[in-house]
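Enquirer: Residue numbers (the numbering used here), protein chains in the order written: chain E, 38 to 264; chain C, 38 to 264.
Derived by calculation from the structure, the hints in this document are not laboratory data.
Take these hints with a grain of salt, some might be off.
[Said to hold, decoys possible] Subject to a maximum C-alpha distance of 20 Å in a straight line, what follows is the list of computed DMTMM-like cross-link-like pairs (lysine to aspartate or glutamate):
no.: 1; chain 1: E; residue 1: K225; chain 2: E; residue 2: E173
no.: 2; chain 1: E; residue 1: K264; chain 2: C; residue 2: E173
no.: 3; chain 1: C; residue 1: K264; chain 2: E; residue 2: E110
no.: 4; chain 1: E; residue 1: K62; chain 2: E; residue 2: E123
no.: 5; chain 1: C; residue 1: K225; chain 2: C; residue 2: D190
no.: 6; chain 1: E; residue 1: K264; chain 2: C; residue 2: D190
no.: 7; chain 1: C; residue 1: K264; chain 2: E; residue 2: E78
[What the hints assert, rightly or not] Some but not every residue of chain C turned toward chain E, in silico, with C-beta under 8 Å:
no.: 8; residue: V89
no.: 9; residue: L111
no.: 10; residue: M151
no.: 11; residue: Q193
no.: 12; residue: A195
no.: 13; residue: H226
no.: 14; residue: I227
no.: 15; residue: V239
no.: 16; residue: W250
no.: 17; residue: A252
no.: 18; residue: T255
no.: 19; residue: F258
The structure presented is a predicted model; accordingly, all values stated were derived computationally and were not measured.
Even glycine gets a Cβ: it sits at the ideal position worked out from N, Cα and C.
Number of protein chains: 2
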Amino acid sequence: MNISVLGTGVVGQTISGKLAQSGHKVMVGTRDVGRTLAHTEPGPYGLPAFSVWQKQYPGIRLGSFADSARYGELVINATNGAGSLEALTLASASNLNGKILIDISNPLDFSQGMPPTLSICNSDSLGEQIQRAFPELKVVKTLNTVTASLMVDPRQLADGEHHIFVSGNDAKAKAQVFSWLMSWFGWKHIIDLGDITTARGVEMYLPIWLRLWGALGTGVFNIQVVK
Amino acid sequence: MNISVLGTGVVGQTISGKLAQSGHKVMVGTRDVGRTLAHTEPGPYGLPAFSVWQKQYPGIRLGSFADSARYGELVINATNGAGSLEALTLASASNLNGKILIDISNPLDFSQGMPPTLSICNSDSLGEQIQRAFPELKVVKTLNTVTASLMVDPRQLADGEHHIFVSGNDAKAKAQVFSWLMSWFGWKHIIDLGDITTARGVEMYLPIWLRLWGALGTGVFNIQVVK
Numbered sequence: 038m039n040i041s042v043l044g045t046g047v048v049g050q051t052i053s054g055k056l057a058q059s060g061h062k063v064m065v066g067t068r069d070v071g072r073t074l075a076h077t078e079p080g081p082y083g084l085p086a087f088s089v090w091q092k093q094y095p096g097i098r099l100g101s102f103a104d105s106a107r108y109g110e111l112v113i114n115a116t117n118g119a120g121s122l123e124a125l126t127l128a129s130a131s132n133l134n135g136k137i138l139i140d141i142s143n144p145l146d147f148s149q150g151m152p153p154t155l156s157i158c159n160s161d162s163l164g165e166q167i168q169r170a171f172p173e174l175k176v177v178k179t180l181n182t183v184t185a186s187l188m189v190d191p192r193q194l195a196d197g198e199h200h201i202f203v204s205g206n207d208a209k210a211k212a213q214v215f216s217w218l219m220s221w222f223g224w225k226h227i228i229d230l231g232d233i234t235t236a237r238g239v240e241m242y243l244p245i246w247l248r249l250w251g252a253l254g255t256g257v258f259n260i261q262v263v264k
Numbered sequence: 038m039n040i041s042v043l044g045t046g047v048v049g050q051t052i053s054g055k056l057a058q059s060g061h062k063v064m065v066g067t068r069d070v071g072r073t074l075a076h077t078e079p080g081p082y083g084l085p086a087f088s089v090w091q092k093q094y095p096g097i098r099l100g101s102f103a104d105s106a107r108y109g110e111l112v113i114n115a116t117n118g119a120g121s122l123e124a125l126t127l128a129s130a131s132n133l134n135g136k137i138l139i140d141i142s143n144p145l146d147f148s149q150g151m152p153p154t155l156s157i158c159n160s161d162s163l164g165e166q167i168q169r170a171f172p173e174l175k176v177v178k179t180l181n182t183v184t185a186s187l188m189v190d191p192r193q194l195a196d197g198e199h200h201i202f203v204s205g206n207d208a209k210a211k212a213q214v215f216s217w218l219m220s221w222f223g224w225k226h227i228i229d230l231g232d233i234t235t236a237r238g239v240e241m242y243l244p245i246w247l248r249l250w251g252a253l254g255t256g257v258f259n260i261q262v263v264k
């Protein structure tokens, strides 16, 4: 399957790498290919520069947001939340319409220091904003509640006995995403929260996630819903 | 121990009943004692009227917010979030100062319909607003992330293998609350998230809690933090 992964950060690298290892053809999308490739220094938290990282994955291509979106039968939004709407606008509705978008982004606002606040919340969400901006796109919000390494390898933790969530308006698209999350990444427990307005819930979970990260001293944790 | 429980709704009834059963002396606080006692019809979700409910607990007294706060060596805020600051103002700083306040309230705003939004969030929280309004009160936010019956009986679910959180500025007060939560209610797993600003995290957890309630078809669930 040809997959578009928008974003070259830790989520984009982690998702792309895993998909490529599983035999998918991936084109990562970025704002400016030349600038992305020009960076060679590691980023925050030791994140390798894309150009360095890419050497491990010679099959992964890099293109503009538009090239990547055009290439993908599925599009994955792994850009940071502050830039997601602009990235998708650059990707262009004509390359997105009719496709499924797995939206992993979080609307984190670091402008007031740490911990970040949310740039959108409460009566709206980034997932909804994306769905409104691209009504022909089938937005499925998921995976934004766990750290990148867990997104693609949930069984590294408690043999996968913990949960993620999906939110979206299109039932078929959600069923398809369920199946991909299980078969590609090994997720065992996925809860359908409902339509895209339920993205508010998973995005507003970030503040407690950030505080748990502090309290637990690791980002490699998740929640199991017990009932 | 003399305990003040502010609020006559489901949380106030559940907490008060459990404390009374355990031999504590409880005075419930309300805005208007006469009006509270005059109601005899069940409220939403079949909640018994306070006057009917109180017959099961003849030892539980009812007083004004101020009477109750004066009476309690510990004060528990079980009012609904929209009225909490006013209730505490009526309780009066002079009756509260120096005491621990266990704050269970959630700033839910039902004015725009269901599901509710939050009246305070993101860069502030109700827990912080209470702490700022009453600087001499030792506010410990906890228990607001579970349904009332679980607050006082966590072991009804998965033998208590799930988590609650505490947020507060006073380390000794938090340690005391830890001990009460364990010995009074049977909580096994309590995570200290940090100072009172971490109340934002547990209050902003409500939107996903509400959606999980819908998806699971029960409010009797909780999260286990897996790491």
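Enquirer: Is the straight-line distance between the alpha-carbon of K264 (chain C) and that of E110 (chain E) 20 Å or less?
Expert: Violated, at roughly 35 Å.
Enquirer: Less than 8 Å between beta-carbons is the criterion; does Q193 (chain C) satisfy it with respect to chain E?
Expert: This hint is violated: Q193 (chain C) lies away from chain E, its Cβ roughly 11 Å from the closest one there, beyond 8 Å.
Enquirer: For the pair supplied as a hint, K225 (chain C) and D190 (chain C), confirm whether the alpha-carbon distance does not exceed 20 Å.
Expert: 11 Å, holds
Enquirer: Let's test the interface hint: is any C-beta of chain E closer than 8 Å to that of L111 (chain C)?
Expert: 24 Å, violated
Enquirer: With a cut-off of 8 Å on the beta carbons, see whether M151 (chain C) makes it to chain E.
Expert: At 11 Å from the nearest chain E Cβ, M151 (chain C) fails the 8 Å test, so the hint is violated.
Enquirer: Against the 20 Å threshold, does the CA-CA distance of K264 (chain E) and E173 (chain C) hold or violate the hint?
Expert: 38 Å, violated
Enquirer: Please verify that hint: A252 (chain C), Cβ, nearest Cβ of chain E, below 8 Å or not.
Expert: Result: holds, 5 Å to nearest chain E Cβ.
Enquirer: Is the shortest C-beta separation between H226 (chain C) and chain E less than 8 Å?
Expert: 11 Å, violated
Enquirer: Has the given pair, K62 (chain E) with E123 (chain E), been kept, meaning a C-alpha gap of at most 20 Å?
Expert: 25 Å, violated
Enquirer: Run the distance test for K225 (chain E) versus E173 (chain E): straight-line Cα separation, threshold 20 Å.
Expert: 29 Å, violated
Enquirer: Is the interface hint for F258 (chain C) satisfied, with its Cβ closer than 8 Å to some Cβ of chain E?
Expert: Interface hint status for F258 (chain C): holds (4 Å vs cutoff 8 Å).
Enquirer: Once the shortest beta carbon distance from T255 (chain C) to chain E is found, is it less than 8 Å?
Expert: Holds: closest Cβ of chain E sits about 6 Å from T255 (chain C), inside 8 Å.
The structure does not agree with the numbered hints 1, 2, 3, 4, 7, 8, 9, 10, 11, 13, 14, 16 stated previously, though it agrees with the rest.
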